[in-house]
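Take a look at the letters that make up each chain.
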Amino acid sequence: VNWWQRLVRKHQLERQADEELRGHLERLVSDHMAAGMSEGEARREARLEFGGLEQMKEACRDAGGLGWIDDVTQDVRYSVRTLRATPIVTAVAVLSLALGIGANTAIFSLINSLELRALPVKDPTRLALITDGATGNRFWSYAVWDQVRQRPQLFNGAVAWSFTRFNLASGGETQFVDGLWASGSFFDTLGVLALLGRNFSDADDRRGARPVTVISYSFWQRRFGGAGDAIGRTLALDNVPFTIIGVTPQDFFGADVGRTFDVVVPIGDEPLVRGRETWLDRRIFSWLTIMARLKPGQMLDAATSGLRGAQSQIREATLPENLPQQALHRYLREGFTLLPAAGNSRLRRQYERPLLTVMVVVALVLLIACANIANVLLTRAIARRHELSMRLALGASRWRLVRQLLTESAVLAGTGAAFGLLIASWGSRLLVRQLSTQTNTVFLDLSIDWRVLAFAIGVTVGTALLFGTIPALRASGVAPMNALKAHGRGTAGDARVALASGLVVAQLALSVVLVVAAGLLVRTLVSLETRDLGFQPDRVLLVDVDAQHATEDPVQRIPLYERTREVVRALPGVAEAAVSLTTPLSGLALGNRIEVSAGTPLPEAQRVTSENVVSPGWFRTFGTPIITGRDFTEHDGRDTPPVAIVNQAFARRFLNGASPLGHTVKIVLPPTLGPPAEIVGLAADAVYGSLRDPVPPTMYRPLAQQYEGSPAFTLPNASLSVRSNSGSPLRLIRSVSTAINAVHSGLALTFLPLADQVNASLIPERVVAILSGFFGALALLLAGLGLYGITAYAVSRRRTDIGIRMALGAERATVVRLVLSRVSVLVGLGVTVGAGLSWWASQFVASLLYGVEARDPLMLVGVAGILAAVGAFAGWLPAWRASRIDPAVVLRCE
Amino acid sequence: MNAPKSDLPQGTLDLLVLQVVAHGPIHGYAIAQRIQQISRDVLQVQQGSLYPALHRMENRGLLAATWKASETGREAKFYRLTPKGRAHLKEETANWARLSEAIRLILRTAEGGAL
Chain V
6 VNWWQRLVRK
16 HQLERQADEE
26 LRGHLERLVS
36 DHMAAGMSEG
46 EARREARLEF
56 GGLEQMKEAC
66 RDAGGLGWID
76 DVTQDVRYSV
86 RTLRATPIVT
96 AVAVLSLALG
106 IGANTAIFSL
116 INSLELRALP
126 VKDPTRLALI
136 TDGATGNRFW
146 SYAVWDQVRQ
156 RPQLFNGAVA
166 WSFTRFNLAS
176 GGETQFVDGL
186 WASGSFFDTL
196 GVLALLGRNF
206 SDADDRRGAR
216 PVTVISYSFW
226 QRRFGGAGDA
236 IGRTLALDNV
246 PFTIIGVTPQ
256 DFFGADVGRT
266 FDVVVPIGDE
276 PLVRGRETWL
286 DRRIFSWLTI
296 MARLKPGQML
306 DAATSGLRGA
316 QSQIREATLP
326 ENLPQQALHR
336 YLREGFTLLP
346 AAGNSRLRRQ
356 YERPLLTVMV
366 VVALVLLIAC
376 ANIANVLLTR
386 AIARRHELSM
396 RLALGASRWR
406 LVRQLLTESA
416 VLAGTGAAFG
426 LLIASWGSRL
436 LVRQLSTQTN
446 TVFLDLSIDW
456 RVLAFAIGVT
466 VGTALLFGTI
476 PALRASGVAP
486 MNALKAHGRG
496 TAGDARVALA
506 SGLVVAQLAL
516 SVVLVVAAGL
526 LVRTLVSLET
536 RDLGFQPDRV
546 LLVDVDAQHA
556 TEDPVQRIPL
566 YERTREVVRA
576 LPGVAEAAVS
586 LTTPLSGLAL
596 GNRIEVSAGT
606 PLPEAQRVTS
616 ENVVSPGWFR
626 TFGTPIITGR
636 DFTEHDGRDT
646 PPVAIVNQAF
656 ARRFLNGASP
666 LGHTVKIVLP
676 PTLGPPAEIV
686 GLAADAVYGS
696 LRDPVPPTMY
706 RPLAQQYEGS
716 PAFTLPNASL
726 SVRSNSGSPL
736 RLIRSVSTAI
746 NAVHSGLALT
756 FLPLADQVNA
766 SLIPERVVAI
776 LSGFFGALAL
786 LLAGLGLYGI
796 TAYAVSRRRT
806 DIGIRMALGA
816 ERATVVRLVL
826 SRVSVLVGLG
836 VTVGAGLSWW
846 ASQFVASLLY
856 GVEARDPLML
866 VGVAGILAAV
876 GAFAGWLPAW
886 RASRIDPAVV
896 LRCE
Chain S
39 MNAPKSDLPQ
49 GTLDLLVLQV
59 VAHGPIHGYA
69 IAQRIQQISR
79 DVLQVQQGSL
89 YPALHRMENR
99 GLLAATWKAS
109 ETGREAKFYR
119 LTPKGRAHLK
129 EETANWARLS
139 EAIRLILRTA
149 EGGAL
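Chains as they are written, first to last, in the numbering used here: chain V, 6 to 899; chain S, 39 to 153.
None of these hints come from the bench; they were simulated from the model. Certain hints may be false.
List time: in silico EDC-like cross-link candidates among lysine to aspartate or glutamate, alpha-carbon distance up to 20 angstroms [as the list claims (entries may be wrong)]:
| no. | chain 1 | residue 1 | chain 2 | residue 2 |
| --- | --- | --- | --- | --- |
| 1 | V | Lys62 | S | Asp52 |
| 2 | S | Lys106 | V | Asp76 |
| 3 | V | Lys671 | V | Asp644 |
| 4 | S | Lys106 | V | Glu24 |
| 5 | S | Lys106 | V | Glu19 |
| 6 | V | Lys127 | V | Asp207 |
| 7 | V | Lys62 | S | Glu113 |
| 8 | S | Lys106 | V | Glu31 |
| 9 | V | Lys62 | V | Asp76 |
What follows is a list of derived Cβ distance ranges for each label pair [as the list claims (entries may be wrong)]:
| no. | chain 1 | residue 1 | chain 2 | residue 2 | range |
| --- | --- | --- | --- | --- | --- |
| 10 | S | Ala107 | V | Ala423 | 20 to 26 angstroms |
| 11 | V | Arg89 | S | His61 | 33 to 39 angstroms |
| 12 | V | Asp306 | S | Arg98 | 53 to 59 angstroms |
| 13 | V | Ala398 | S | Thr131 | 44 to 50 angstroms |
| 14 | S | His61 | V | Glu63 | 28 to 34 angstroms |
| 15 | S | Arg98 | V | Arg203 | 30 to 36 angstroms |
| 16 | V | Asp128 | S | Glu129 | 46 to 52 angstroms |
| 17 | V | Glu44 | S | Ala107 | 20 to 26 angstroms |
| 18 | S | Arg136 | V | Ala398 | 44 to 50 angstroms |
Which chain S residues stay away from chain V? Per the calculated CB distances, all over 10 angstroms, these [said to hold, decoys possible]:
| no. | residue |
| --- | --- |
| 19 | Leu51 |
| 20 | Leu53 |
| 21 | Gln75 |
Beta carbons: idealized from backbone N, C-alpha and C, even for Gly.
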């Protein structure tokens, strides 16, 4: 019989013990009667010999190992009864704990899956990424992968992959799935077995092999409803039929934390999709991530030097075509470096700091909640002093009382944690959903693992001890004598009031820190959202036009784009339309190294400019003014001299702010054919790649004047931007889609309002601002509640005092002042300490801020004002109550 | 019954109980009787401490118990020794023998010294 059975079969066991002892007693009685006693005498004698039945049962229970269970059950029952006696106070305590523990667990589970959780593959700690040591570059051309693959002696296997999107639709509006190009070694080396069918291998990863694909568990469920006959079916990806040969296990999301895939396709099938423009033969494209599995016992450094041994061979065999001399030298010199694969994701780099900031914020909120509950328990303990001292007087040990009071805390914390876990699993999923955009799905494995569980339990126990220990020790420190005295009066509670006041000051100080942080982060978001973009996003619809399957010949695509622009411009409701290779904040950045005639001498690293290739009407569509010179026209073509328009930042950097008109620009890198272009216009500055960065020097060139080597010939798609006459540009989707379909039914279209694209670029800032704002407000609320509680308590303790003063002629206003002055002392202390703390802590958020100083004095003044308002609010009700005290009633009570 | 009785030395009750139970399944009342019989009514077993001791040893796995009809026809809880209990008894008996031998020696030497 183990303890668990004992707990479950408790009643049966107790009945048996009772029966056993009674049986003994009965035998004793009958033995005595056999010896000649009367029944009464026999019973008396037996009882004397045997002792008290109940005590003995108790002793047996203890001996049988059930005693502690009884004690705990009793304590828990009693605690629940006590807590239910004050439902509102209990509900507020549980709710604030649930929010606190829930928020902490949610953020921790994000950090866990982003930084701590191992990849869902075999032996993930032995995996390493191949990178360029100095530049941090981690993408490689297919040629480099081919070289690594041919050197199996270096590692215990290596894999390469690249993220992509495949279009399931055969024309018209796109229907994208997340795809992965992966080497044939991908599944074997990572040690991932197929859940259904088989995974592909090196034999499938050849040019000209039968096109096959392995799909993810979630795609299998979504698309095929988990049907077993999905294996062998055909799936059209970018119009190419692939045969499904396998399904991966549910927990496998790829080898990159933060992303996931729907379909995996061998790299060797890439030419089937990209056709003549295959990247396999283009050494200038770095697009593959290469990961190696270290040999048993091999250290990272040893593996790196092994790879460096093959460095010059690999580099020389993979020189990118058409690179200028200097760039070639740099390519040859750059040393391969291996980095541990764990915790090296892009998502981590992007979100690590914001997440840690939020983690600190929620930890502080939890601390504030703890202080609140500690105060509630303290005041409650004072109210229960009589009861507790009575129990001491009746022989309870002090430890027993402490245990009882700590059980109450544990019940509170446990209930809070149970709700908190619900909040956490809901909140963390909600948060991850917020991070995804139309073009970039963020995926994190948020299932609860032992780390999250240990964290939640640790936080729960920690909070229970934090808010429970001091009140329990204090409360059990009553003298038994107090039970005999009349209770409730005297000044014995003043030390507790001081302690509680200290806690409230700490709460106020912490909430100042949080409100300041929230203010800074919200103002950062507002500065970014209201930043002058240099273009007007509101009425613009972006249409990504993918011509990959419409025409094989890149030269044919530009006329195709121009035709789509013509038909869309003619549609009713369309004010203007223009084609460009990229759009602001799209994530696609084009850039050149250039030389400007008669320009300022600059070091090579600074002779770079951002670039966009645009059709006429682009500046009108985006609402970016041309300051001097002219816009591109339909006359700028292959047979007229090349022209360019630059922005003000360009003129500042390359020409010291002088007018750029008449200067010429020669593109040095990437190597482009074609003569230098004459600058014919100066455009206003407009945001290009990021809202946080200053506007970069930008050069615009006409779509019609593109030459071999231009990105126009390598990108399979372009963006058609459509400005509506009025109202939401979304209403244009149907007519635009029909019109473009009429031009060529093979064009794949993706629609996105420009305003959404701008908003999507602010997701991290928005998430952090919303979270810190919410928790800042919560902190204020909790601190306000704490302040109210301690003030109300102080007033109730000083009823007599106040009543006597009023009897002696004090005005009601004086009483209100008396109470409020106490509140203002607490608030004043809290704000002072909090201001100092925020001053110190501001250094940690400085890097997250934009358009606001980390130590903005106005911000502190504002927050002090808010705290004063909260203080007035929290103090007003107790003050009003104090002023309503009837001196006659108080004096009669005395 | 009027002979002077000694209290049981600390910790020896367990040993006596194990020794009694070693002879075969037996219920609590009979254990108490047997201990008093064997020790010829010299030792007073506090009946109050017998059952907690039985339950403790059952909990520790030294004793196992089953309910069955006793000689009077009533259901009673019969205790028997587990292998673990038997080993424990052996060990404790050896300890006890060593200890009592040591005490006997000390007492004898003390008497000798007094002479």
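- prompt: What hint numbers does the structure not satisfy?
  reply: Result: hints 2, 10, 11 and 15 break, sorted rising.
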